[in-house]
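Colleague: Each chain is listed here by its residues.
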Amino acid sequence: MTSRPLALFRGSTLLRSLAIVVVAGVVLYVVTDSLDSYRNLQLAYGGYYFCVLAGLTVLAGSSGQISLGQGAFMAVGAYAFCKLNAAPVAWSVFPSLVGAVVATVLVGIPVGAAASRLRGPYLAGATLAFAVGLPALADKFPAFLGGENGLSVNPPTPPSWLGTNFSLERWEAWIACAGALIVAFVLYNLTHSAVGRSWRAVRDDEIAASLSGLRVGRRQTLAFVISAACAGLGGGLLAAVLQLTSPGAFPLQLSLTLLAGVVIGGLGSLVGAVWGAALLVFLPNWTNDLANSFSLSGNVSHNLPIAIYGVVLIGAMLVWPSGIQGALRAIGRTIRPAIASGGGRAAPEPAADKAEPANDEEVKASQP
Amino acid sequence: MTKFIDLTLNGISTGAIYAAVALALVLIWRSTRVVNFAQGAMLMFTTFIASAVINSGGSYVLGFVVALASGFVLGAIVERGVVRRVENAPPLNAVILTLGLYTLLVAIAGMIWGNTPRSFPAAFSLHGYTVGGTTLLFTPNDTFIVLVVIAVAAALAFLFRATSLGLRMRGAAFSPEVARLLGVRVGRMLTLGWALAAMVGSLAGVLVAPSVFLGPNSFDPILIIGFVAAVLGGLDSPPGAVVGGLVLGLALSYVSGYEGASLVPLAALVILVIVLMFRPTGLFSATKERRV
Numbered sequence: 001m002t003s004r005p006l007a008l009f010r011g012s013t014l015l016r017s018l019a020i021v022v023v024a025g026v027v028l029y030v031v032t033d034s035l036d037s038y039r040n041l042q043l044a045y046g047g048y049y050f051c052v053l054a055g056l057t058v059l060a061g062s063s064g065q066i067s068l069g070q071g072a073f074m075a076v077g078a079y080a081f082c083k084l085n086a087a088p089v090a091w092s093v094f095p096s097l098v099g100a101v102v103a104t105v106l107v108g109i110p111v112g113a114a115a116s117r118l119r120g121p122y123l124a125g126a127t128l129a130f131a132v133g134l135p136a137l138a139d140k141f142p143a144f145l146g147g148e149n150g151l152s153v154n155p156p157t158p159p160s161w162l163g164t165n166f167s168l169e170r171w172e173a174w175i176a177c178a179g180a181l182i183v184a185f186v187l188y189n190l191t192h193s194a195v196g197r198s199w200r201a202v203r204d205d206e207i208a209a210s211l212s213g214l215r216v217g218r219r220q221t222l223a224f225v226i227s228a229a230c231a232g233l234g235g236g237l238l239a240a241v242l243q244l245t246s247p248g249a250f251p252l253q254l255s256l257t258l259l260a261g262v263v264i265g266g267l268g269s270l271v272g273a274v275w276g277a278a279l280l281v282f283l284p285n286w287t288n289d290l291a292n293s294f295s296l297s298g299n300v301s302h303n304l305p306i307a308i309y310g311v312v313l314i315g316a317m318l319v320w321p322s323g324i325q326g327a328l329r330a331i332g333r334t335i336r337p338a339i340a341s342g343g344g345r346a347a348p349e350p351a352a353d354k355a356e357p358a359n360d361e362e363v364k365a366s367q368p
Numbered sequence: 369m370t371k372f373i374d375l376t377l378n379g380i381s382t383g384a385i386y387a388a389v390a391l392a393l394v395l396i397w398r399s400t401r402v403v404n405f406a407q408g409a410m411l412m413f414t415t416f417i418a419s420a421v422i423n424s425g426g427s428y429v430l431g432f433v434v435a436l437a438s439g440f441v442l443g444a445i446v447e448r449g450v451v452r453r454v455e456n457a458p459p460l461n462a463v464i465l466t467l468g469l470y471t472l473l474v475a476i477a478g479m480i481w482g483n484t485p486r487s488f489p490a491a492f493s494l495h496g497y498t499v500g501g502t503t504l505l506f507t508p509n510d511t512f513i514v515l516v517v518i519a520v521a522a523a524l525a526f527l528f529r530a531t532s533l534g535l536r537m538r539g540a541a542f543s544p545e546v547a548r549l550l551g552v553r554v555g556r557m558l559t560l561g562w563a564l565a566a567m568v569g570s571l572a573g574v575l576v577a578p579s580v581f582l583g584p585n586s587f588d589p590i591l592i593i594g595f596v597a598a599v600l601g602g603l604d605s606p607p608g609a610v611v612g613g614l615v616l617g618l619a620l621s622y623v624s625g626y627e628g629a630s631l632v633p634l635a636a637l638v639i640l641v642i643v644l645m646f647r648p649t650g651l652f653s654a655t656k657e658r659r660v
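Chains as they are written, first to last, in the working numbering: chain A, 1 to 368; chain B, 369 to 660.
Worth flagging that the hints you see were computed from the coordinates, not collected in a lab.
Where hints are given, some of them may not hold.
SDA-like, lysine to any residue: derived pairs with alpha carbons at most 25 Å apart [said to hold, decoys possible]:
1. A:LYS140 to B:LEU533
2. A:LYS140 to B:ALA635
3. A:LYS140 to B:SER624
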C-alpha cells in the first residue's frame with residue numbers, strides 16, 4: 001500500500017524529525033506574521049521555556065534523574081550570552097548563543113559528574129543547593145557579573161533582508177523558536193537512538209545495565225550535561241529576548257516551576273514539554289485575569305493567582321499523575337479503537353506498528 | 369576572639385533550628401519516602417496561628433502549645449488527605465504535590481494575614497549574657513532554643529527506640545507488608561509519622577520566628593538549609609539530621625561572620641558537595657546492599 005518514500009520516511013527517525021522541524025518552521029513563519037507583537041513575545045517566552053523543559057524532561061523521564069537546578073544552568077547561559085553579546089566581545093546573537101551553550105556545558109560536566117554519584121532525594125538536595133547557591137556568585141563578583149543589577153545587552157536587530165518593517169518581537173520569536181526547534185530535533189533523535197535506549201536501560205535497572213556493559217555513571221553524566229546545555233540555550237535565549245539578566249531572574253522558584261511544568265506537561269515526552277511551556281507562559285496571565293475578574297480585597301486578590309497555581313499543581317498530581325500528554329494518550333487509546341470499529345473499514349494494524357504508539361503521537365502532536 | 373565565640377554560639381542556636389527542620393524532613397522521609405517541600409509553608413502556617421493566638425491576648429505558652437497542636441493536626445490532614453494518594457506514584461509526583469501544597473499554603477496565609485512580615489514575641493530576653501564586661505550575642509532565648517531542640521530530639525529518640533509505638537512506626541516504615549501481617553495499622557502509623565514531623569517543624573517555626581519575622585515567605589531559607597542539613601546527615605538518620613543541622617549552623621555562621629552573608633547559600637552548596645562526594649548518601653546513612 002504505502003509508497004517507497006513514505007516507507008523510508010516512517011523508517012528513518014532522522015528524516016521524520018527533519019520533516020517535522022521543516023513543517024513546524026514553515027508554520028511558525030506564517031503564524032508569526034499574523035500575530036501581534038505581544039503574542040510574538042509570548043511565543044518567544046514559550047520558545048526558551050521549551051528548550052529548558054525539553055532538556056529536563058529527557059533528564060528526568062529518560063535518564064531518571066531529578067534536577068532542581070535547571071534555573072542555575074539558565075543563569076549560566078544567560079550570563080555567558082550577555083558577556084559575549086555585550087560591548088567588549090560584541091559577538092552577534094547566534095555565536096553568542098553557541099557560546100552560552102558551550103559555557104553551560106563546561107559548568108555542567110563537573111556538576112553532572114557529581115550528580116551521577118547521587119540518587120533520588122540526595123540529587124534533589126544537591127541540585128537545590130546549586131540553584132540557590134550559584135546566583136549568589138553574581139554578588140561576589142559585582143564588577144564582572146554586574147551584582148544585583150545584572151548585565152544588559154542591546155536588542156537583537158532583525159537582518160536588513162527581512163525588510164524594514166519586520167518587528168523586533170517577531171525576530172525574537174524567530175530566534176527563540178529556532179532554538180526550540182534545534183533542541184527538539186537533537187533530543188528527538190537522541191532519545192530514539194542507542195543513547196536514548198541506554199538512558200532508559202540505566203533508569204530502569206542500573207545493575208542490569210552495568211552488567212550488559214553500559215557505564216552507568218558516564219551515561220548519567222551525559223544526560224545531565226545535555227539537559228544542562230538545553231537549559232543554557234534557554235537561558236541565553238531568555239537574555240536575548242529580555243535583553244537583561246540578573247540574579248533575581250533565576251530564583252529557586254524558577255527551577256521548581258520548571259520541574260512542575262515538566263511533570264504537568266507529561267514526563268519524558270517532548271510534546272509534554274510543549275504543553276508545559278505553554279502552561280508556564282499562559283498560566284500566570286490566566287490566574288491574574290481570573291483573580292482580577294472578582295472584586296476582592298487587596299490581600300486576597302494579590303494571593304489568588306498563587307493559590308490557583310498551587311491548586312493546579314495539587315489537582316494535576318491527584319487527577320492526571322501522568323500529566324497532560326499522558327491524559328491525551330489515554331484518551332487517544334480509548335477513542336482510536338472506537339473509531340476503528342465504528343468505521344469498519346480500517347484494517348487492523350500490524351503488531352509491529354503498535355510497538356511504538358507513543359512516538360507516532362509525538363509526531364502528530366508536535367506539528368501545530 | 370570574642371567574635372569567634374559569638375559566631376560559635378550563634379551557630380549553635382541557628383544550628384539547633386536547622387536541626388529541628390531537618391528532623392521534621394527526616395521523620396517524613398523515613399515514614400513515607402517523600403521529601404516534604406511543604407514543610408516550610410506548614411511551619412509558617414502554624415506560627416501564624418500561634419501569632420494570632422498571642423495577639424488576641426493569649427500567653428506565649430498558650431501560643432506555643434497551639435502551634436504544636438495545629439502542626440500535629442495539619443500534618444495528619446496533609447498525609448491523610450493528599451499525600452496518601454501519591455505515595456505509590458513515581459517520586460517526582462510527590463515532589464510536585466508538596467510543592468503545590470507549599471504554594472497553596474503560602475497563598476492562603478497571605479490572604480488571611482497579609483504579606484507584610486510582622487514581629488513575633490520571643491520566649492525569653494533577647495539581650496545577650498554579659499560575661500566579664502563584654503556582652504555576648506548569645507541570649508537567654510538562644511539557650512531556650514537549644515534546650516528545647518535537645519529535649520525534642522531526646523524525646524523522639526526515646527519514642528523510636530524504647531516504646532512499642534515507636535517500634536510499630538519503624539516497622540510500618542521499614543516493611544509495610546510484614547508490619548501489616550503482624551497487626552500494625554500501617555496507615556495510622558504513617559499518618560502519625562507525618563503528624564509528629566509537622567509538630568517538630570512547627571516547633572522550629574515558633575523558635576525562629578522572633579529573629580526572622582513572620583511572613584508567608586520568611587521561612588524559605590530555613591527550609592532550604594534544613595533540607596541541605598537533612599541530606600548532609602543522611603535522610604534516613606535522625607541523629608544525622610541533628611548533626612547536619614549543627615554542622616551547617618556553625619559553618620554558615622562563620623562564613624556569614626567572616627566573609628559576608630551573601631556567600632551563605634554558596635557555602636552551603638560547597639559543604640554539601642564535598643560531603644556527598646565522599647559519602648553519596650550522607651554522613652550517617654547505613655551502607656545499603658544492592659540487590660540484583
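Colleague: Of the hints stated earlier, which fail here?
Modeller: 1
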